[in-house]
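Dock chain one against chain two, each of which comes alone in its own frame, and use the hints as you go.
Chains as they are written, first to last, in this note's numbering: chain A, 1 to 325; chain B, 1 to 308.
Keep in mind that the hints are not guaranteed to be accurate.
[Claimed, not checked] Straight-line distance between alpha carbons at most 27 Å, and here's what the computed DSS-like set of lysine-lysine pairs gives:
id: 1; chain 1: A; residue 1: Lys172; chain 2: B; residue 2: Lys85
id: 2; chain 1: A; residue 1: Lys172; chain 2: B; residue 2: Lys283
id: 3; chain 1: A; residue 1: Lys77; chain 2: B; residue 2: Lys173
[Unchecked claim] Among the chain A residues that face chain B by a calculated CB cut under 7 Å, a handful are:
id: 4; residue: Ser14
id: 5; residue: Asn17
id: 6; residue: Arg133
id: 7; residue: Ile243
FYI, nobody ran anything at the bench for these hints, they're computed from the structure.
Think of the CB as a built atom: it goes at the ideal place given N, C-alpha and C, for glycine as much as any other residue.
So the chains spell out like this:
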Amino acid sequence: MFSTSSQKKFWTFSDDNELASLREKHNLAYIYKHGQNIDEFQRHSFFLSPEEERLLLKQYELHLKEFCKRFSPPMPKGVIGTAFHYFKRFYLYNSTMDYHPKEILATCVYLACKVEEFNVSIGQFVANIKGDRDKASDIILNNELLLMQQLNYHLTIHNPFRPVEGFLIDIKTRCNLANPERLRGGIDEFLEKVFLTDACLIYAPSQIALAAVLHAASKEQENLDCYVTEMLFRHAGQDKLAILIEAVRKIRSMVKMVESPAREKVRIIEKKLDKCRNQENNPDSEIYKRRMRELLDEDDIPHTGSSRMSLDTSGVAQVLSPSAS
Amino acid sequence: MDDQACPRCKTTKYRNPSLKLMVNVCGHALCESCVDLLFLKGSGSCPDCNVPLRRNNFRVQLFEDAMVEKEIDIRKRVLKDYNKKEEDFATLREYNDYLEEIETIVYNLTNNIDVVGTNKRIEQYKRDNKEIISKNKAKIGREEVELEEILEIEKQMEDLRRAEIIRMEQEAKKQKIREKEALIDELMFAEGDAKEILNTFAQSKANKPEVLPPVPKVTQFSTGIKFNRGSTQPTIPLIEEGPLYKYEPPIQPDRCGPDPPSIENIISGGYLKHVRAENETEKAGGYKSTLPCLRALQDALAGLYHAS
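For reference, chain B alone in the conformation it holds in the complex (with noise of 0.2 Å):
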């Protein structure tokens, strides 16, 4: 550790114990402030190979050993394409051909060796799985999700048990101590022999029944569904409902003439039989011979009283 270097500005870990180096996904390693010095526009070059880097992506070296780090970077951005699971396999064959296709892109990217071919490989593998990458995509955010609600009712149970622990702890610290004023006492007042009140104390103390621990109290139904979940949802307000609607037939306007017949009597009456029928297409839009009788005859009849 304590030759640790930044190569390029000569700095060890001695002459500065603050000295953090940063590596970015080429893995060559740089101290803080010569990051902070050469990224001040927030891109640039790695000054070891060139490579066009970015300055968000710099990092706090882990490990002593920058191939380890590269190789980290490389991993994870392969394995972001390269997610398929087990699952998505027919054999087991297949699968471990598949994990060991994985491991030879990273150590061809890592290494160095034949890179362009390798990146032309990821991107075909990418064109070509795009429909299964982006599902498994989703389901691992989904698993993420439900890994996180799961970690989280964990540590709750947790802290509930610790307090119920430590409350407990208590309780008996307390417990020995009146017992052993009680004790006290009794060997100081009583007459009788002091080895018999220390025999009958032992006894009581050993048929104290155990305390049970209290029963955690119950934050989920049966279900697992949690009470609070359905309870943040808002309640339907009430409506004001006014008075019900009431149909109202309009009033007929003064026909100004005898009144036509109405519907029913156009029907009974025989009028359809100097009517042209309607047809079946006719019918399928609502036309009905009625309609046109009835209009012809209320326009006869309509404006027969005009008096001008």
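Isolated chain A, as found in the complex (with noise of 0.2 Å):
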């Protein structure tokens, strides 16, 4: 249940300040251990801002739901959702500029097709993947167990798709809506884009799934507000009703502001990351390579500093090798 996970308890935020706020205070983490001897004004041109590295997780965003899309064998939604959770809240804690955002999606959808019991193997999974794919599945398998710490081994996730039908099957049975089954076209298109905004940081799923329904009915011509007043709401005071119909409105204005970031903006960013970035987690650099040879040649790693409750990253870097399996 919702109100007693620890999605409610940890990864659920106030509002966008907050995540606005932690996202900031990890970039300026990054920037203060890797750009000491940067002077102050060309910092700020090497090194990725905030609202750039926002820019470039929504474009990535964009990606991971075509690359789910696009995954054979096809998808749950519950696997996509899942995987967007995972997503954002790695960048919650995390800046693009320490771990490269095409990685970590690949990570996400394949830690969320465990997580959700949608069987497969690390083979068939690459094979959606374009490019080299043992490197890849290295990748993937590396970046696993960082991954699931940096969410705390925090991996049930409540998506909306369960309280979408939960609505319907309970519009159909208390309401007199003719043919319900006509929403399902509207709730769909409107979680996929639910998914690109923090909606699902803020929000309970079954909030957004309210907000869904509502918005396919208005879309349909249909006025559904007297089944939330008079039959959900009932027997609750104003004031619930009130947060409810906020959250509602929030979560639709977010759906509507969403658009995908200018293409030439982001092509300037991945090119500024590309030289930013932490080359001790880039696979490509001679740093990581040395480094993976020196870990292969030790028999036994000392596992140091791996019960860590917190998230703050201070130390992040140190803790997770990128094998730290």
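Right under this line is the structure:
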């Protein structure tokens, strides 16, 4: 149940500002750590700003959606939702400069497949990836444990898909709406867009689901307001109804604001990222390859500082070698 | 007996009165000291026939003729395997043939006639009758145990009876002495005729009822089971029991949303019309369409009051 879940306790935030400040904090932490021998002025043009990171992540969320849609065998919706959750959660506490979103994206989807019991082997999985597949599977498996650690092993995700089914059953039973199945198209479209926003980090899955249902109904020129007020909130106070109405309104406006970032801008950011990213976590860099060799030579890797409970990332770079496995 | 002599060291009973002749499976005798000498290592070969022997198979020769000893050994060995009983045969004729065969084998082995062939025959028989042999062995084992038990009981009874007889004899002796003394007293002090007194005493003696032997103490139930048999079993210890378990329903966590309908309401409220019904196979596994329906409704309603 959502109300007792780790999702509510640790991964549901009060508003956009809290998310923004978290992201900015880790952006600054990275710059502070890696930019000590660069002067103040150059630092600005060398590293990514929080806004640039945000834009880049939006682009990669679109990539994530496309990747999941094209995935074969076709993926259940729950896996996609879970992967989105993981991706968003990971970059709340990490900078894109530290871990390239391209790598984390694939790892999130792979982990989501496992958690949501969508059984694909790593071989099947990398068959969906263009380019060097052996390298891709290496990256995914290397990053899997890192990702789980960064998620603090809170792997259970409450997606809005089941609540949608619940609302549809309830509407069919208790409302005299003609053919509620026609809402499905609008709902699916809405939920697809919801994952491109931060709504799932702020609102409960049932609120998102209700927003989707209400949005789809209004698109079909139907009004379900009386269902909400008369059926769902009949015994609840006016204050609770007000909160819900505000939440639904916010979610709908967030979805309305979704737009894909400009290509040109993203290309510049990507180029910048290639220079300022943490080379220790870049599988193509010499520094990474050398360390991997060293780790392979050591038979037994002493495990340091593995039980991290606070999500503070100070010192994550030392703790999380890409092969912390 | 006097000409008993060890074939190896030529010692005779005359020269060494404590001479003991020993025999082994081959039937050739040796005196005890020769056995000690030759079989120092525990095994060796017979000086007469070179058959390999073991020291602990030596035993004291009971019969003068060593051949008899050898035959006893062989018979014992053969009968270990040829342990069928008359009940195992359909007709008496067959049983007799079987006994005849045993005798032939024993004779052959004792007199070294076709030893290899005979041994083969025994092996063949062992293979063919493996089951019956082991079954009869177990049976014999059981019978022996029973026999021992009977013997034990008989011995006890015998002891009891003997003790009883001794006691009665002593009692009788005492009685006699007492009677004698009484008679003498009577003769000494009574006024009457001595002959008459003697007669009355003889009569009273004859009239005395025979003392019945006391009933032996009962040591078993009428079914034959001894008293002490069952009592050796330990009594079941009593276990202290705490207060009885009482079920307390778990506390429902705050759903943070409107209450979902109960299972009864789902069934009566018509929710199931909008859910795929379970099929036969799913029913067998305990699946019911109410469960996913309830879960979807719960998930839909939980968290609706969530305030960020």
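Hints versus structure:
Only pairs whose Cα atoms come within 27 Å are accepted, and Lys172/A paired with Lys85/B is rejected, the gap being roughly 86 Å. At most 27 Å may separate the alpha-carbon atoms for a hinted pair to count; Lys172/A and Lys283/B meet this at roughly 25 Å. Of the pairs offered as hints, the one joining Lys77/A and Lys173/B is violated, with about 113 Å between alpha carbons and a cut-off of 27 Å exceeded. Nearest Cβ of chain B to the Cβ of Ser14/A: about 5 Å, under the 7 Å cut. The hint holds.
The beta carbon of Asn17/A is not positioned within 7 Å of any beta carbon in chain B (closest approach about 11 Å), and the interface hint is therefore violated. Because the smallest distance between the Cβ of Arg133/A and any Cβ of chain B comes to about 37 Å, over 7 Å, the interface hint for this residue is violated. With its C-beta approaching chain B no nearer than about 5 Å, Ile243/A sits inside the 7 Å limit, and its interface hint holds.
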